[in-house]
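**Student:** What follows is each chain in one-letter form.
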Amino acid sequence: MTHQMKNLMDADLSEAECMLVDVYRQLARTVEMHSDELPPFAKRNALKAMAALWQVMNGLDMDPGQVYHLGA
Amino acid sequence: MDESPYWNPRHETMPREGTLALQVRKLRNLVEWADAQVPWQAKRLRNAGVTADSIHALDDLRRIPLMTRDEWMEGQLEDPPYGTNVAAPKDVAIRYHMTSGTTGKTPIRVLDGMKDWEWIAEMWCYGLWGFGVRPVDTVFVAFGYSTFIGFWGLHYACEKIGCLTLPGGALTTDQRVKQIVDMGATVVCSTPTYALRMAQEAKTLGIDLARSSVQRLILSGEPAGSIPATKKLIESEWGAKAGDTAGMTELGTIMIFECAKQPGGTHIIEDNYIEEVLDPDSGEPLPYGEMGERVVTSFGRGFIPVLRYRTRDFVVKVPGSTCTCGRTWDIYDGGIRGRVDDMKLVRGTNVYPRAVEAIIREHPEIDEFQIHLYTAEGRRDEIEVLVEVSDAKADAAEILVALGRELADTHEGLRFGVKQAEAGSLPRFELKAKRLLDERIVIGTEGERRTQA
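Protein sequence lines, in the order shown, are assigned to chains A and B.
Heads up: the first sequence begins at 1 in the working numbering, then just goes up one per residue.
Heads up: the second sequence begins at 1 in the working numbering, then just goes up one per residue.
It should be emphasised that the hints constitute simulated quantities derived from the structure, not laboratory data.
Don't take every hint at face value.
Stated by the list, open to error - Sample of chain A residues with no beta-carbon within 12 Å of chain B, all distances over it, derived:
| hint | residue |
| --- | --- |
| 1 | E17 |
| 2 | V21 |
| 3 | M33 |
| 4 | V67 |
Unchecked claim - Calculated lysine to any residue pairs in the SDA-like style (CA-CA distance at most 20 Å, straight line):
| hint | chain 1 | residue 1 | chain 2 | residue 2 |
| --- | --- | --- | --- | --- |
| 5 | B | K90 | A | G71 |
| 6 | A | K48 | B | K90 |
| 7 | B | K241 | B | R109 |
| 8 | A | K43 | B | D91 |
| 9 | A | K43 | B | V92 |
| 10 | B | K90 | B | D35 |
| 11 | B | K90 | A | V56 |
| 12 | B | K432 | B | T324 |
| 13 | A | K6 | A | V31 |
| 14 | B | K160 | A | V56 |
| 15 | B | K160 | A | D36 |
| 16 | B | K160 | A | E17 |
| 17 | B | K241 | B | G264 |
| 18 | A | K48 | B | A93 |
Unchecked claim - Derived DEER-like restraints, expressed as beta-carbon distance ranges:
| hint | chain 1 | residue 1 | chain 2 | residue 2 | range |
| --- | --- | --- | --- | --- | --- |
| 19 | A | P39 | B | E74 | 40 to 48 Å |
| 20 | A | V23 | B | V136 | 25 to 33 Å |
| 21 | B | Y96 | A | L38 | 25 to 33 Å |
No residue lacks a Cβ here, since even glycine has one placed at the ideal position from N, Cα and C.
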């Protein structure tokens, strides 16, 4: 799958960077909508992974905003 | 893909106009967050007529009121223990830290969430990677892991980079030196003072650190990491390159780092901070090349929004282009030059401990020193410098005379009493060194005289 994405500085992201953005968004959506359905190990590890990928979003200029309301 | 010398190549080499545009956007986001989440910040911002929508250019930053340490402390007293500038509920915090308390003041207390800690480590990654630390490195962290934030972020950054990380807490100095050698550490992290302390200990143990596997030292916690004579001494004792960094508990991490090109200063991490240099009296911005007070705005830690915080640090900003590394980020020439509060007035002459240290460190035979201020005959300011000269082959008397002359020459002829202290008699430090002892009962010149209790 090839797709294009620009960051907020209007710079093109690479294919690999786009894939990470997609992963973060899917992870954040899962945590936001389904965390109550997850066992403790899955929920807390997902939050930790989200916190790490938040920094990827930040470094790519994708303005991930604050995520305290999700627990991270 | 070839390995990049930059942690975040896009940001670190971005044209200036891009960096400034990024800062404006992040500033708008920060104002919006602080306004929405922190009533104390919202009141300050609204009183100054600042809303996120009104931020269009970097000049708009100047409309935001300056924040002081005193205001931070007042907030902690008003709403203990964390204060009035907290933007998220305590139950999502994963860590508590506080300032080291070396000034004797009530500590600043801070909270951070999970992603804040990723960011804290990320800032250290910029510095470590930029100075050449790589996954193959074995890093020894000479730090007493505690509620003082110190090198915690560096520790996580080393893990993030993939280094083999050795937490060197709760060890004596000789144990640390032996572990550095035994484990083949290639990078050692400490304060500049403690790097010299470990070098002294190594000599006592008969270990030649210059022949060890250590290639890099990451220094932080004191301005001495950018004092050329101190850095030269550390590099010579260790046979390794020393890179300066500086951070603050108020930010949670570092905001400046020295790159591998060692340009004589530290790059500002400008995709995550806005650093202003202001006249400490008038509050007016100063141009490149002039010394002023650092004022910081941080885009990282969301738990405690930091907008235009007066740091009391003295700095001189120069363009990033003065370094050959390719980063476009501005530089603090000479790192942190000292603190506004550090300056001592002795018989009408300004004395800065950093300047005194720079002169003392030109004499590598001097192991340790202390600056002592006292009142003579109940009315006269006196300053003396006590030095330990442990090298038996050195001519101590000659060093004392030369040092006294050099100190006077650089301080408008001010007479310093330079005396030799017994070897091992002066205090040693692991964290921030406190080498100035002010025991005066009367301070300052006639017009500025005040009496201590």
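**Student:** All the hints need checking, so say for each whether the structure fits it.
**Tutor:** Hints, verified against the model:
1. E17: A/E17 not clear of chain B: closest Cβ-Cβ about 10 Å, inside 12 Å.
2. V21: holds (14 Å)
3. M33: holds (18 Å)
4. V67: violated (6 Å)
5. B/K90 x A/G71: holds (11 Å)
6. A/K48 x B/K90: Measuring from Cα to Cα gives roughly 18 Å; hence the hint holds.
7. B/K241 x B/R109: violated (34 Å)
8. A/K43 x B/D91: holds (16 Å)
9. A/K43 x B/V92: Satisfied, since the Cα-Cα distance of roughly 14 Å is no more than 20 Å.
10. B/K90 x B/D35: Measuring from Cα to Cα gives roughly 19 Å; hence the hint holds.
11. B/K90 x A/V56: This hinted pair is violated, its Cα atoms lying about 25 Å apart.
12. B/K432 x B/T324: Given pair B/K432, B/T324 is violated - Cα atoms ~31 Å apart, limit 20 Å.
13. A/K6 x A/V31: Roughly 25 Å between the alpha carbons, so the hint for A/K6 and A/V31 is violated.
14. B/K160 x A/V56: holds (13 Å)
15. B/K160 x A/D36: At roughly 29 Å apart (the allowed maximum being 20 Å), A/D36 and B/K160 break the hint.
16. B/K160 x A/E17: holds (18 Å)
17. B/K241 x B/G264: holds (13 Å)
18. A/K48 x B/A93: holds (13 Å)
19. A/P39 x B/E74: 40 to 48 Å: holds (45 Å)
20. A/V23 x B/V136: 25 to 33 Å: holds (28 Å)
21. B/Y96 x A/L38: 25 to 33 Å: holds (27 Å)
Violated hints, in rising order: 1, 4, 7, 11, 12, 13 and 15; the structure is consistent with all others.
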